[in-house]
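Undergrad: Once you have looked at the hints, place chain B on chain A.
Number of protein chains: 2
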Amino acid sequence: MPLNLKTYTEHFTNPLYLESGRILEPYDITYETYGELNEDKSNVIVICHALTGSHHCAGVYEGDKKAGWWDNLIGSNKAVDTNKYFVICTNVIGSCFGSTGPMSPRHPSHEPYRYKFPVVTIKDMVKAQRILFDRLGIHSVYAIIGGSMGGMQALQFAISYPNFAKKIISLATTYATQPWAIAFNKIAQEAILKDPDFKNGYYEPQAIKENGLVGMAVGRMAGFISFLSPDSMMKKFDREYRNTDGLYELFGKYQVELFLEYNGYNFTKWFDPLSYLYIIKAINIYDLSRGFDSLNEALSKIKSDLHLISFKSDILFRSSEMMEISESLDKIGNKNHTYIEIESDYGHDAFLVEVDKFEKQLVEILEG
Amino acid sequence: MPLNLKTYTEHFTNPLYLESGRILEPYDITYETYGELNEDKSNVIVICHALTGSHHCAGVYEGDKKAGWWDNLIGSNKAVDTNKYFVICTNVIGSCFGSTGPMSPRHPSHEPYRYKFPVVTIKDMVKAQRILFDRLGIHSVYAIIGGSMGGMQALQFAISYPNFAKKIISLATTYATQPWAIAFNKIAQEAILKDPDFKNGYYEPQAIKENGLVGMAVGRMAGFISFLSPDSMMKKFDREYRNTDGLYELFGKYQVELFLEYNGYNFTKWFDPLSYLYIIKAINIYDLSRGFDSLNEALSKIKSDLHLISFKSDILFRSSEMMEISESLDKIGNKNHTYIEIESDYGHDAFLVEVDKFEKQLVEILEG
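Chains as they are written, first to last, in my numbering: chain A, 1070 to 1437; chain B, 1070 to 1437.
In short, the hints are calculated from the structure, not lab data. Since the model is a prediction, treat every value here as computed from it, not as a measurement. Misleading hints may appear alongside valid ones.
Since copy identity is lost for identical chains, a pair holds within one copy or between any two.
[Said to hold, decoys possible] The calculated SDA-like cross-link candidates involving lysine to any residue, where the alpha carbons are at most 25 Å apart (straight line), are: (1) Lys1135 to Val1422; (2) Lys1305 to Ser1388; (3) Lys1263 to Ala1276; (4) Lys1135 to Glu1318; (5) Lys1134 to Leu1421; (6) Lys1263 to Leu1421; (7) Lys1135 to Thr1076.
Just chain A, with the same shape it has in the complex (with noise of 0.2 Å):
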């Protein structure tokens, strides 16, 4: 069966009402679908993305090269599979693919908010998303699957909405971001801030598309760092040398810089940088057991069947760290959860390329 992708954009007018106590109003949320709605709505997979991820996680856009970010895992007969499921991702708020972010027009001047864009939260990004569902007339769903932030978001949506989901599966993410995490995250925020081309927010969205952002660049390559490992910068880069005759030059390149600085580069034309700022401050403040006494009472809200899987070489969001989720799971005498630890040298992006480790586990997870 063809995977059916559909594209949309919904807009609300009432307020959404934010973690900080701000609203946000109006605002819009894109999002995909795949696959078709079962009569009595019981078949329904939401998806959620990482970072610098959309709601564009399947298939191919006409005219297009690139397929969605977890198109390898989401298809016809793939492990979340399209002939049997409705899938739903939607593009969190703050982004920048079509749901209201801080470049988004502001009621009623349709000048970007910019700086006046307020903090979202996770939670708040979870929330939008429920109500989203709710105005699609789905009031609860099979599964929610996410990784990295994804993941954040999956177990939100357990602890937020204990009634919305069956299953939900978290990748490769944490329980409250760690000073780790939020370290990387501070190069790119410290590069973009100084960067004399970001113009303290009052930058020009085509300028850097066009003319790249060095510090968003800079920013990213800190990132890659954070998303692979040091055995898979070994596998993929080796010490191979541009130039050998070069190698007394001074800014001569290891086949690791030539990759960083592509795809630091590539990043600034495709991302918006206060996009950037407003997610990773939403990465950097989540932490699940806030409005809770401890982690251990915010789990213990949970009622969905949780599945935890991590990745060994992870140096992001640590194994040890999905581990102490499942260690307080069982304290508090929790019986509907599983945590896995995947085998892999690809860090933390092997929730994204290494399916083939995992598919096995989440298509068992979701039959049984």
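TA: The following block gives chain B in isolation, referenced to the frame of chain A:
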């Protein structure tokens, strides 16, 4: 007995023939000594410094507050006992603490070299030290000790000058810099080069000391991530936030962010940007096997007793890399080496801050 700290600068007019084929001429080497040289000159210990270190590894200068960078290890009745040993530490060429580097006046114009400074390698740094020691009448030494880039120098001494040192102790380093470490350096390089205040290398040093250099601060932040570890950051900073009322302020700061900012910008007050670029280049192209058919062939040159010390949580130069050296030595039948891995949560920085974890082993090696 007093430390007997003395600082000297030696001037050399003969050309230094560099690995690149270029020459450095004339050049200075600044060095420090502690303790007293015994009559048969058999009590010399050479200390090699890391990327941003200097010849000042022990004691406190008059009017200064901060002691030398390995003061917890070196001194009267310390592991490297200056009552017994005559300790020498030189500032490497390319650095900015007295030895000739890119901001030194170029002969005969007296203008700073800047980019006209030749690329120097770890092998060149070691060669320059060997020439200095010759001038001082020291033709062999009891031991050479270094960590990180200092550990690279110690290993390079063992290979370049097999009869020079009786014992080599190399900590927290590798046999060739891996793409993971090169990637961290790349962040600094890119951020510095593209910083408008760097003025393509034609900056005024005083202006940078006074106003800071964003690119260098950002690079240093990346450096700190690589020197620490997820666990040490947890212990040091946890998720402490500067102002809990301001959690939803876009630029509210976690303790770890303040630490990175402070150390990042402070760094620009005491280290030279061009020296930084030249030294990370030397680290990037460091490879013990260069000029040999293999690492094993290079290691087969070693005659000194070689002692390798790694730190379990070091994410910059991993234990596994040190172990590879040890395994290679086993393979080629070298009987005079030891390898130990120290349990520590402090990451790469452990070689500087957790001296108590390895000083006993160090004393055993030196006394053994």
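Undergrad: Take the hints in turn and mark each one as holding or not.
TA: Tested hints:
1. Proximity of Lys1135 to Val1422 under the C-alpha cut-off of 25 Å is restricted to the intra-copy arrangement: shortest distance 14 Å within a copy versus 48 Å between copies.
2. In this assembly of identical chains, the alpha carbons of Lys1305 and Ser1388 lie at most 25 Å apart whether taken from the same copy (23 Å) or from different copies (20 Å).
3. For the homomeric pair Lys1263 and Ala1276, the shortest alpha-carbon distances inside one copy (17 Å) and between copies (17 Å) are both at most 25 Å.
4. Taking the shortest alpha-carbon separations for Lys1135 and Glu1318, neither the intra-copy value of 36 Å nor the inter-copy value of 36 Å comes in at or below 25 Å.
5. Taking CA atoms no more than 25 Å apart as the test, Lys1134 paired with Leu1421 passes inside one copy only; the shortest distance there is 18 Å, against 50 Å between copies.
6. Taking the closest pair of Cα atoms, Lys1263 and Leu1421 never come within 25 Å of each other, the shortest separation being 31 Å inside a single copy and 31 Å across copies.
7. In the homo-oligomer, the alpha carbons of Lys1135 and Thr1076 lie at most 25 Å apart inside one protomer (16 Å), although the nearest pairing across protomers, at 61 Å, exceeds that limit.
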